[in-house]
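Asker: So the chains spell out like this:
There are 2 protein chains.
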Amino acid sequence: MKDNLNIVPFVSVENMMRLVLERGIENCMAEIAQYLEEDFRRWPLFDKTPRVASHSREGVIELMPTSDGIDYGFKYVNGHPKNMKEGLQTVTAFGLLASVETGYPVLLSEMTVLTALRTAATSAVATKYLARKDSKTLALIGNGAQSEFQALALKKICGIDAVRLYDIDPAATEKCAANLADSGLTIIKCDTPQGAIEGADVVTTCTADKKYSTILTDNMVGAGIHINAIGGDCPGKTELHKDILLRSDIYVEYPEQTRIEGDIQQLDDDYPVKELWQVLTGEIDGRSDDKAITLFDGVGFAIEDFSALRWLRDALKSSDKYQDLDMIADPDDPRDLFGMVRREAERLADS
Amino acid sequence: MKDNLNIVPFVSVENMMRLVLERGIENCMAEIAQYLEEDFRRWPLFDKTPRVASHSREGVIELMPTSDGIDYGFKYVNGHPKNMKEGLQTVTAFGLLASVETGYPVLLSEMTVLTALRTAATSAVATKYLARKDSKTLALIGNGAQSEFQALALKKICGIDAVRLYDIDPAATEKCAANLADSGLTIIKCDTPQGAIEGADVVTTCTADKKYSTILTDNMVGAGIHINAIGGDCPGKTELHKDILLRSDIYVEYPEQTRIEGDIQQLDDDYPVKELWQVLTGEIDGRSDDKAITLFDGVGFAIEDFSALRWLRDALKSSDKYQDLDMIADPDDPRDLFGMVRREAERLADS
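Residue numbers (this note's numbering), protein chains in the order written: chain A, 81 to 431; chain B, 81 to 431.
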């Protein structure tokens, strides 16, 4: 047990890609969805706090910690919309899992790829519990970095078999269509948001502009649809016209955070919204009937990253896709940190 | 500039020890003290927030973020007093520096050794500005992991030439004395705190018990002394009798945090204390005369870790004591994260 507690397994971007390919992207998202469901069902026991944000003119850097009393996890994530023009990622992330018992880190990982997987898996869990059971067609508004993951997670977990694509930039739609060409999904490229949403049972909006946008207007949204609005995820960034919100049953992760960051920032602070985890525990009902419009206003919450890191730790038990990091000082005598440095000098002198 | 932004230099415990030995421990602390002084002088421009703590029955895990508008830094640190009995470190830590402009991490490092260096360097800066200029003798109450660093930092930066040691456990005193045997300091091992403090110009208390202790009582503290009280650093953990506080001019790092964690948690919330950084900028006076008792109630603040990480980043410019971590996803097209994973599959198939 004590052996090598000072060594922390680290999953690089390359190892994360190889791990995901080894298990299959769709399988990984289905597995992560199971961890998400487990953690949603025990939501009240988590230590919850809104993310700790450091805002600047160009973007934001955030720390998202949480704990279930056994493990502690946090994610570092930035959001810099202007990065894309410079050929950089808008969002990069890494995360850590630690033992509450000892405070020692037990896993460090890239989380850019992992966040893409957990975000799509979260939308799929919301869709599974809120969309009409016969949903087959997904409209994807915004065909950027998250889009393919959404399509495959909803295929694998919710039985979606057709995807209608729209992006303000046709090149993004072409990229998404090419990436999904051999997925088994029927792909329909659309020239307008209206065209994309036509006949869709589920809509996911995942656009990237940091501003108040109206990706969907009220007349576009018909009865019975389920919407995952996941691109509106920070103050000043929304995707849906307010009138859609007023016609929908709204589900969120953590109201305290979503009221600041989600599409519901357009509504009054006491506008009634439901918490997704309560649908999973059965404390509240999900969709009322086939005519209702359900909206998952997803902004991403620390517990989802925690679930993803728990999945990763377990996945590594049968994989070699990590490297060992000498991250924690481990003197023979905990009170003799100085002696540890001295003995390193002696070792260097001897060698 | 854009090249290899996805690769983050990482300083392991072994590399940190080798870097410190390469430059000399005392030199490193003197250099870090310069970075600390720079950052103390521009204290108001930092983004300051009390640490984000996750408490459990066994200890605490904390995130300590800060930013100067150019760089962003945070430290992960735990405090688990019961760890020592299990042969583990009470405190372990790692830290990160990132670019505010892009949100990309630029340096990841172990911070158990680095925190020991910056804590001692901070005490030395406080001592330099608050102790009597002719101070030569240091009493070290608590001879654990921080003690040798305190002795050497105060020797190098403040001209201390003799150290009087006391610990409730004589084995700790023997360990500290042995580690300092070839330091050039005169070492006096003492059987009581009273004996240790006799004739001392400066006292550093750095004990580890998580409880209200009275390491120093009022009658032990004579006129003209400077005290660094650095072991009382969390709620419920103090070292000095309240009457000593009432006779002292008290200097702190960040009052909002120190009133919760420091020895001054024993005083009323509005008891007047001074901020150390203002002594460095000249906004307030330090020691009034040779009879005053000055007290630095140090609990450790995020800006000090930031200074230490800045020092490390600059030190690495002339050292190879780091390794490259593939930590940030870097697709050719930022919107094509999925394609990056696909292309990895093609590479694996080709190889």
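Keep in mind the hints are simulated off the structure, nothing from the lab. Check each hint, because a few of them may be wrong.
Because identical chains share one entry, a pair is satisfied inside a single copy or across any pair of copies.
Stated by the list, open to error - Below 25 Å or equal to it, Euclidean Cα-Cα: the simulated DMTMM-like pairs (lysine to aspartate or glutamate) are:
(1) K208 - E278
(2) K162 - D127
(3) K401 - E424
(4) K128 - E336
(5) K269 - D413
Asker: Determine for every hint whether it applies to the structure shown.
Answerer: Quick rundown of the hints versus the structure:
Taking the shortest Cα distances, K208 and E278 sit within 25 Å of each other inside one copy (21 Å), while across copies they are farther apart (73 Å). Taking the closest pair of Cα atoms, K162 and D127 come within 25 Å of each other only across two copies (22 Å); inside a single copy the shortest separation is 33 Å, beyond that limit. When the C-alpha separation of K401 and E424 is checked against a cutoff of 25 Å, the pair qualifies only between copies, where the shortest distance is 14 Å, while the shortest distance within a copy is 30 Å. When the C-alpha separation of K128 and E336 is checked against a cutoff of 25 Å, the pair qualifies both within a copy, at 10 Å, and between copies, at 23 Å.
Within a single copy, K269 and D413 get their C-alpha atoms only as close as 64 Å, which misses the 25 Å cut-off; across copies the closest is 20 Å, which meets it.
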